[in-house]
Amino acid sequence: MQQLIDFWGTKGLIPHDNYLSWNPILLWLNVISDLLITFAYYSIPLAIIYYVRQRKDLPYPWLIAMFSGFIVACGTTHLLSVITIWIPLYWVDGIVKGITAILSVTTAIMMLWITPRALSLPTINQLQNELKDELQDELQDELHKRKAAEDALIESEYRCKFALYGSGDGIWDRNIQTGVVEYSPRWKAMLGYSENEILPSHQEWLNRIHPDDQLFVAKAMLACLDNKVANYSIEYRLRCKNQTYKWIKSRGMVVSRSEDEKPLRMIGINTDISEHKQIEEDLQKTQSLLLENQRMLAESLHIATIGSSSLSGDRTSEMVC
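Heads up: the sequence shown begins at 1 in the numbering used here, then just goes up one per residue.
The set of hints was computed from the structure by calculation and includes no laboratory data. A hint or two may mislead.
Unchecked claim - Cross-link-like lysine-lysine pairs, in silico, DSS-like; alpha carbons within 30 Å at most: (1) K285 - K241; (2) K246 - K188; (3) K219 - K277; (4) K249 - K277; (5) K241 - K188; (6) K262 - K145; (7) K228 - K262; (8) K246 - K277; (9) K285 - K246; (10) K262 - K147.
As the list claims (entries may be wrong) - Label-pair ranges, simulated between beta-carbon atoms: (11) K285 - D151: 52 to 58 Å; (12) F216 - K147: 39 to 45 Å; (13) K145 - L119: 35 to 41 Å; (14) F216 - Q177: 23 to 29 Å; (15) H276 - P200: 27 to 33 Å; (16) Q140 - M110: 40 to 46 Å; (17) I99 - L139: 53 to 59 Å.
Where is the CB? At the ideal position from N, CA and C, for every residue including glycine.
With the hints as extra help, turn the sequences into a complete structure.
Structure representation (structure tokens):
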């Protein structure tokens with residue numbers, strides 16, 4: 001220890017305790033204060049280092065490192081102030097203070113150089129406002145795109161309905177959750193009703209299905225609702241306003257489902273095929289009549305053949321006699 005003291009040239013130097021020993025309160029006031037300052041100065045860089053390691057996006061990290069070194073050097077000077085009370089390491093104390101001075105001046109110069117540039121950096125509020133503006137712009141663009149897509153879909157749907165109206169077919173659009181159904185004017189006129197004589201209700205359609213057709217119509221509809229088939233096409237009879245029944249060819253499909261695959265919306269087309277059914281029925285009657293005539297003709301030929309054979313047999317018997 002004495003060699004270390006001699007190396008730093010402490011010979012002939014008097015430690016501070018020779019001056020302060022006459023007042024213990026003053027001595028320990030300096031010791032405790034310097035030790036607490038040293039502890040604080042050594043703790044602050046640890047917190048700064050932890051903060052910098054967590055926030056890798058901080059600008060000028062080298063300046064923060066210089067500032068941390070300056071704080072450590074300041075803490076070391078306070079530690080040496082305690083040591084020199086009992087050990088006269090004034091050379092060490094002076095060298096550390098010189099290093100601290102260099103770090104202090106360099107840090108101060110760099111702070112003066114960096115401050116205008118740091119002030120030009122956007123603040124957190126500015127960044128938040130810029131981000132908010134960007135998000136609002138993106139949201140507006142997304143809303144415009146969605147609105148354009150919805151408008152295009154509505155226009156396409158209107159064109160489709162217009163084409164269907166012009167085709168002479170009746171169309172219906174059913175909201176499965178509410179039970180509300182939009183029937184086209186042609187759908188109502190097909191059954192002999194005016195525009196305001198049928199309510200927009202699913203039950204209006206159910207009440208008009210022929211009793212003999214209700215079961216297989218319900219099965220076809222249920223299979224489509226349960227997503228067992230993509231669409232259905234069936235022929236059944238609907239009751240008209242005059243209490244007669246018309247044959248209808250109905251085609252429908254589910255066009256909207258929820259995330260859990262529950263049906264939400266269904267559309268369909270009804271075509272009046274009563275004339276076709278009448279033609280088929282007349283054709284079947286004609287075919288039945290032809291078959292009956294053919295049967296009667298065959299029976300007549302058969303009877304004629306038997307009669308001719310009997311007549312020939314009688315004449316032969318007379319000749320033999």
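The hints, checked one at a time:
no.: 1; hint: K285 - K241; verdict: holds (28 Å)
no.: 2; hint: K246 - K188; verdict: holds (12 Å)
no.: 3; hint: K219 - K277; verdict: holds (22 Å)
no.: 4; hint: K249 - K277; verdict: holds (10 Å)
no.: 5; hint: K241 - K188; verdict: holds (10 Å)
no.: 6; hint: K262 - K145; verdict: holds (27 Å)
no.: 7; hint: K228 - K262; verdict: holds (12 Å)
no.: 8; hint: K246 - K277; verdict: holds (9 Å)
no.: 9; hint: K285 - K246; verdict: holds (19 Å)
no.: 10; hint: K262 - K147; verdict: holds (25 Å)
no.: 11; hint: K285 - D151: 52 to 58 Å; verdict: holds (54 Å)
no.: 12; hint: F216 - K147: 39 to 45 Å; verdict: holds (43 Å)
no.: 13; hint: K145 - L119: 35 to 41 Å; verdict: holds (39 Å)
no.: 14; hint: F216 - Q177: 23 to 29 Å; verdict: holds (25 Å)
no.: 15; hint: H276 - P200: 27 to 33 Å; verdict: holds (29 Å)
no.: 16; hint: Q140 - M110: 40 to 46 Å; verdict: holds (44 Å)
no.: 17; hint: I99 - L139: 53 to 59 Å; verdict: holds (56 Å)
Of the numbered hints stated above, none is contradicted by the structure.
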